[in-house]
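Q: Same order as they appear, the protein sequences are chains A and B. Note that our numbering has the first sequence beginning at 1, numbered continuously upward. Note that our numbering has the second sequence beginning at 1, numbered continuously upward.
Please note that the accuracy of each hint is not assured.
[As the list claims (entries may be wrong)] Straight line, CA to CA, 27 Å or less: simulated DSS-like cross-link-like pairs of lysine-lysine:
1. A:LYS380 x B:LYS22
2. B:LYS6 x A:LYS380
3. B:LYS15 x A:LYS380
4. B:LYS79 x B:LYS25
Keep in mind that the hints were calculated from the coordinates and are not lab data.
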Amino acid sequence: MLKLPIYLDHNSTTPMDPRVLEVMLPYFVENFGNAASRNHSFGWQAEEAVDYAREQIAQLIGADPKEIIITSGATEGDNLGIKGVFEMYATKGNHIITCTTEHKAVLDTCKHLEKLGAEVTYLEVQPDGLIDLKQLEAAMRPTTILVAIMYANNEIGVIQPVKEISAIAKKHGALFFTDAVQAVGKIPVDVNTDGIDIMAFTAHKMYGPKGVGALYVRRKNPRVKVTAQMDGGGHERGMRSGTLNVPGIVGFGKAAEVARLDMAADTERISKLRDKLENALKQIDETYVNGNPAHRLPHVSNISFKYVEGEGLMMGFNKDIALSSGSACTSASLEPSYVLKALGLGDDLAHSSLRFGLGRNTTEEQIDFTIKAVTDTVLKLREMSPLWEMFKDGVDIDAIQWAHH
Amino acid sequence: MAYSDKVIDHYSNPKNVGTLDKASKSVGTGLVGAPECGDVMRLQIEVDQATGLITDAKFKTFGCGSAIASSSLATEWLKGKTIDEAVKIDNMDLVEELNLPPVKIHCSVLAEDAIKAAINDFRSKNGLEELVFEQSHV
């Protein structure tokens, strides 16, 4: 029996794996110690659990456990990584390079730093969502201290050429930071082969608990330091103070281990389902897949259904299927997704997009149901759409003088 | 955001979806909104020229559920009204009837604008002066 509603919004968050919950439970009531309590067994037990988890997390990304700085999540990691470098390397320069499709946690952090004297270059992306390496190269300056480019995009799933980007940064003596929230645990990420100096990621996007994440900070070749953004007890090698969230960290560790061991099998199964979904929906006329299809996360598909509006479209099935739209009809600004607009999509296509985010628990039955529900709703709404009628009648919609309100 | 039952009902079973002959002298067409803003409404009325009574109304809308519901409800209200009565339909009446939240008030404004545009289109086709309206509540 198909159980409704179906969850297809795994880029927003993932359900916690029961294996993760199981290992966390003893650390709430019984083993409640503070990992920083160095002089009694409660503290030792907590510290041991954290050390083990730190190893599990490090192993997933090919790092040393000492390079893992525990945070509250990726927003904190983005802030600490970028602001921390800006402060720590202030004598070296003040120029940061990022791109327009980054998460707000990166973009708004950069905007904040501009007020404090940073110079920031926001690289445009190409229509397929990837940055242009030549533009990156051209943007490098002697004062460039950091290149901050995401590993994979949260809305369209495109994977940036991280190795090439890090090589360019290194050549010019800049550090490379990446927000890898969507990539870690989903595709192989290795900080050494990828040339990553600093990387933010989080547990809840990989079937772990919410409220815990990590910042990878390289210790060798080069040794990187970030200035702490919170003052306190000097935890996490002085880079992030605050009592450690022991059960969360234990869960994060387990989630990282499961992700590492199951990744190949999960990817194979999920990408087949994603391709089935995408190929079926592409059969509908005037449907466009957003983002480079070859360099893309295996579980994401972002599709624009021209002449129907995304939120209206979701209403047709949102009691049964949970997903996201690039339309921002609910926001006061009425602005659609800035990521889709950065690809050069017209506002109409951006308003018409849906993001499908499949996950570990997605089944073929759920995908079949989704294909039918989305197809039926698109066809129904097009019958109701004046734009579809104009398109069918050969009217040039772009030539109409629309009254903007 | 949860939708009101009335919005869901109009979205699931929209009333008066369709197209009237826009070349006909007895039909007034209002096309408002913009694709870039995420909503476009086309509302049409058919008027009995002898009595001034709206005998039919149709819509097609590109937009969210609230925009579809606002236009569907508007067409229901228009049928059987005279042009003079139709002019008085206020967007806040739609908001109230559909329980639209503040972020969706613009959908009702659009429906009111569509009604007025349809009426003016009918008037200008029939040699009448176009009415000048004040700004609706936003």
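Q: Next, verify each hint and record whether it holds.
A: Hint check:
1. A:LYS380 x B:LYS22: holds (23 Å)
2. B:LYS6 x A:LYS380: holds (19 Å)
3. B:LYS15 x A:LYS380: holds (14 Å)
4. B:LYS79 x B:LYS25: holds (18 Å)
This entry satisfies every hint, going by the numbered hints stated previously.
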